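Novice: Now for the letters of each chain:
Protein chains: 2
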Amino acid sequence: MAVYTEVSDDELAAFVAEFDIGELVSAKGIAEGVENSNYLVQTAGTGDAPTSYILTLYEKRVRPDDLPYFLGLMEHLAARGIACPTPLHGRDGAALRTLCARPAAIVTFLQGMWPKRVAPHHCAGLGQALAEMHLAGADFEMSRANDLSVAGWRPLFQDSAARAHEVQTGLAEELGAELDALEAAWPTDLPSGVIHADLFPDNVFFLGQRLSGLIDFYFACNDFFAYDLAVCLNAWCFEGDGSFNVTKARHMLSAYRRVRPFSDAELDALPLLARGSALRFLLTRLYDWLHHPAGALVMPKDPLEYLGKLRFHRDVAGPGAYGLDWAA
Amino acid sequence: MAVYTEVSDDELAAFVAEFDIGELVSAKGIAEGVENSNYLVQTAGTGDAPTSYILTLYEKRVRPDDLPYFLGLMEHLAARGIACPTPLHGRDGAALRTLCARPAAIVTFLQGMWPKRVAPHHCAGLGQALAEMHLAGADFEMSRANDLSVAGWRPLFQDSAARAHEVQTGLAEELGAELDALEAAWPTDLPSGVIHADLFPDNVFFLGQRLSGLIDFYFACNDFFAYDLAVCLNAWCFEGDGSFNVTKARHMLSAYRRVRPFSDAELDALPLLARGSALRFLLTRLYDWLHHPAGALVMPKDPLEYLGKLRFHRDVAGPGAYGLDWAA
Chain A
100 MAVYTEVSDD ELAAFVAEFD IGELVSAKGI AEGVENSNYL VQTAGTGDAP
150 TSYILTLYEK RVRPDDLPYF LGLMEHLAAR GIACPTPLHG RDGAALRTLC
200 ARPAAIVTFL QGMWPKRVAP HHCAGLGQAL AEMHLAGADF EMSRANDLSV
250 AGWRPLFQDS AARAHEVQTG LAEELGAELD ALEAAWPTDL PSGVIHADLF
300 PDNVFFLGQR LSGLIDFYFA CNDFFAYDLA VCLNAWCFEG DGSFNVTKAR
350 HMLSAYRRVR PFSDAELDAL PLLARGSALR FLLTRLYDWL HHPAGALVMP
400 KDPLEYLGKL RFHRDVAGPG AYGLDWAA
Chain B
100 MAVYTEVSDD ELAAFVAEFD IGELVSAKGI AEGVENSNYL VQTAGTGDAP
150 TSYILTLYEK RVRPDDLPYF LGLMEHLAAR GIACPTPLHG RDGAALRTLC
200 ARPAAIVTFL QGMWPKRVAP HHCAGLGQAL AEMHLAGADF EMSRANDLSV
250 AGWRPLFQDS AARAHEVQTG LAEELGAELD ALEAAWPTDL PSGVIHADLF
300 PDNVFFLGQR LSGLIDFYFA CNDFFAYDLA VCLNAWCFEG DGSFNVTKAR
350 HMLSAYRRVR PFSDAELDAL PLLARGSALR FLLTRLYDWL HHPAGALVMP
400 KDPLEYLGKL RFHRDVAGPG AYGLDWAA
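Here the protein sequences line up with chains A and B, keeping their order. Plus 99 on top of the position in the first sequence (first one is 1) and you've got the working numbering. Plus 99 on top of the position in the second sequence (first one is 1) and you've got the working numbering.
Please keep in mind that the hints were generated in silico from the structure rather than gathered at the bench. Certain hints may be false.
[Said to hold, decoys possible] Pairs of lysine-lysine residues, derived as DSS-like cross-links and limited to a Cα-Cα distance of at most 27 Å, are as follows:
#, chain 1, residue 1, chain 2, residue 2
1, B, 159, A, 215
2, A, 400, A, 159
3, B, 215, A, 159
If you're wondering where the values come from, they're calculated on a predicted model, not measured in any experiment.
Next comes chain A alone, as it looks inside the complex:
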């Protein structure tokens, strides 16, 4: 739940008038995304019904320097047929603008709802769309390092280690050992390119059975393609009770590799990347858990959910645990 910045009707109308999209007829702050302020705006449009857009004001967690990468990437992917929001350009040509002293942009509106209850067919749609996105990003010319990959974890860990026992006894020790192991074994030469890096179910829309869009590219970066899959394995394939659903994983990975086949090295690295991805979300959640102000609007997510996932991947014998059919 968000909307941190309240934009007045006058400011909003003036902002929309910088674009060639007709007159503003409605604006509702929407309760999605915890990092930025989002409004569903409607303009009179050109036909007989209003046209919907999403207006985003980028709040403090997004570095302004990164915005040209994020907006450029969405435009690049949309131009190559990926169903994702496309930034609109104002009459002066600029997509990235300023509203209420914050960076702001208007992007196209995507139909669809995110799946509150993930089914295997959702995972298949996700796998296919992820592979298509990886291929479509190949000729995107900008680059952005993944500052939440292995090199970023130790500083994050050190910010929370002294108080980690408040969440669970022995947690700092377990995470420290895990960090040592991951730093020592982390691969350096897997196929890589643009990844989404945060493709949780609430960032993937479906219309009925069909995937209708990917949103929220504000963690996108250049990293291993297989790391993106590792993020999705953790976000989509565990049940509420912590158990791993191998059918969902098989649907996701099989659909992915029908579009973009894995190398053997990628396959072999998958358990390690999945451990790393689990550690990444555990560390950011742990930080938020220990540092969120009392009475904050956003309830922090449970870091321990990701400890269970980390342990699962640490204990698997190999990528076969993810339901992969080796012949495929």
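Assemble the complex: chain A is given as a structure, and chain B must be docked to it using the hints.
Specialist: Quick look at chain B alone, frame taken from chain A:
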């Protein structure tokens, strides 16, 4: 900021399918209203663009028994040309339904934005629309007592009196004396009918200069028409520094009485009704201030804003203080 109840995509699609409005293509929780959960939903519609609706789940502050009155009233007013949301009827004929174990309804979507910075022309539009609403409600057959009028204030006061000094020293004594005076002098025979009773700026939409809709009828009831004006005087005609803007009041009242002239008795009662309306919002805000749970999502509003308004109306010499031109 609201959205208390998270509705899953499957439940939502099933709910929308009970209406004859086409397939659900989008749903966003919107950050408006603090009492209920609201979603902006879009369906495929009948033309080439989606159609927007508002889905409301009624949370605990609304009494289910009152909902037929609220929904019936909106339908009645909309049928008489008042720009307000109209409840849709499902295929079985019912407008009031159930979703996630809560009463729920879908109403039409109104274009427009509420004015964050109120100007005199907004007050004129409001006055006219309010009078038109009062006239249009004349033949509405249901009735609902105003449980937040004079008879409801003493119990509300008693729930907060013992701790009122936490907000301001001497507050309980001042409010107690005010309550005595209002109970003794409250009129009994002014022109009455259906009133909105909560017509704050965030419940009134404008498209440019033109008023495009009234929303949120969940405090509507049968009471004095002039009491509705008294609520609006308090909600629209004070500046942020507590000063009363007589130009705004004159615009509001003049526009109102061009549509529905006041009786002399209504005019004379206006200062008293405005004191009462100020006390009503002061008491509910005081209650919320003293009783809101720590860490609640919704920050309570400052009750003392309404103490200043109450004192203003107590000190005016008569209705001329509201900028009324007696010859009009």
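Novice: Taking the hints in turn, state whether each one holds.
Specialist: Quick rundown of the hints versus the structure:
1. B:159 <-> A:215: holds (24 Å)
2. A:400 <-> A:159: At roughly 19 Å apart (the allowed maximum being 27 Å), residue 159 of chain A and residue 400 of chain A satisfy the hint.
3. B:215 <-> A:159: holds (24 Å)
In summary, this structure violates none of the numbered hints.
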